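Trainee: The lines below spell out each chain.
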Amino acid sequence: GENVEQHPSTLSVQEGDSAVIKCTYSDSASNYFPWYKQELGKRPQLIIDIRSNVGEKKDQRIAVTLNKTAKHFSLHITETQPEDSAVYFCAASNGGGYQKVTFGTGTKLQVIP
Amino acid sequence: DAMVIQNPRYQVTQFGKPVTLSCSQTLNHNVMYWYQQKSSQAPKLLFHYYDKDFNNEADTPDNFQSRRPNTSFCFLDIRSPGLGDAAMYLCATSRQAYTDTQYFGPGTRLTVL
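As given, the protein sequences belong to chains A and B, one line each in that order.
Residue numbers for the first sequence follow our numbering, beginning at 1 and rising by one.
Residue numbers for the second sequence follow our numbering, beginning at 1 and rising by one.
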């Protein structure tokens with residue numbers, strides 16, 4: 001089955017700086033890579049996703065890059081704000097049959113004002 | 001305009017006393033999922049329904065059961081809760097396959113005394 005590793009487990013940045021979270025996956029058939037943000041006590045919410053037919057996707061201050069050869073993908077947050085503080089989960093799925101979405105272990109991001 | 005609704009939001013039960021958690025959705029999505037999330041961990045998939053087809057994860061204990069009487073509703077039954085079952089239980093939906101965006105409900109926090 002798929003295995004997703006996520007680093008770092010915790011990340012502290014100053015407000016305005018950039019934050020990068022990295023994930024690697026094991027199943028070369030995986031083709032869908034969502035990122036979820038989960039604030040304390042709240043539900044996970046999709047913030048961006050990327051499919052294997054593109055290498056990069058951007059949405060305002062958030063971007064995701066995908067390197068299929070190396071089997072890793074990264075989340076980039078620029079100009080961080082205190083409201084970006086949360087736990088971020090990467091995930092991977094190949095969508096084939098009943099292949100589930102496999103989550104990474106999460107990164108707790110703290111943005112220091 | 002809540003899309004995925006979970007009831008109750010907080011549930012306290014006694015060791016060994018059966019409990020049922022409910023999830024409803026207004027999105028008319030075909031797939032409904034149940035996840036267990038413990039503190040500081042990623043959501044762990046318990047099972048899912050693709051329409052009426054039930055799919056159990058291999059490591060989901062028999063103590064956990066699920067019902068989906070119609071498209072809109074899905075229930076999680078814990079037959080004999082143990083202390084280790086205390087967690088946040090998240091329901092999610094997606095339109096079709098795993099490569100569609102998953103929409104999470106607010107979760108039910110289960111406490112076992």
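Honestly, the hints are just simulated from the structure, not real lab data.
Remember, predicted model here, so these are calculated numbers, not experimental data.
Check each hint, because a few of them may be wrong.
Residues from chain B shown here face chain A by an in silico Cβ test under 7 Å; the list is partial [to be verified]:
hint, residue
1, 27
2, 39
3, 43
4, 58
5, 61
6, 101
7, 104
8, 107
Where a beta carbon is used, it is the ideal one built from N, C-alpha and C, also for glycine.
Trainee: Work down the list of hints and note, for each, if the structure agrees.
Mentor: Results for each hint:
1. For residue 27 of chain B, the shortest C-beta to C-beta distance to chain A is roughly 14 Å, which exceeds 7 Å, and the interface hint is violated.
2. Hint on residue 39 of chain B is violated. Least Cβ distance to chain A is approximately 11 Å, over the 7 Å limit.
3. A distance limit of 7 Å between C-beta atoms decides the matter here; for residue 43 of chain B the minimum to chain A is near 6 Å, and the interface restraint holds.
4. Proximity of residue 58 of chain B to chain A is violated relative to the hint, the smallest CB-CB distance being about 9 Å (cut-off 7 Å).
5. Against a cut-off of 7 Å between C-beta atoms, the interface hint on residue 61 of chain B is violated, since the closest Cβ of chain A lies about 17 Å away.
6. For the restraint placing residue 101 of chain B at the interface with chain A, the shortest Cβ-Cβ distance is roughly 5 Å, inside the 7 Å limit, so the hint holds.
7. For residue 104 of chain B, the interface hint holds, the least distance from its beta-carbon to any beta-carbon of chain A being 4 Å, beneath 7 Å.
8. For the restraint placing residue 107 of chain B at the interface with chain A, the shortest Cβ-Cβ distance is roughly 6 Å, inside the 7 Å limit, so the hint holds.
Checked against the numbered hints above, the structure violates hints 1, 2, 4, 5; every other hint is satisfied.
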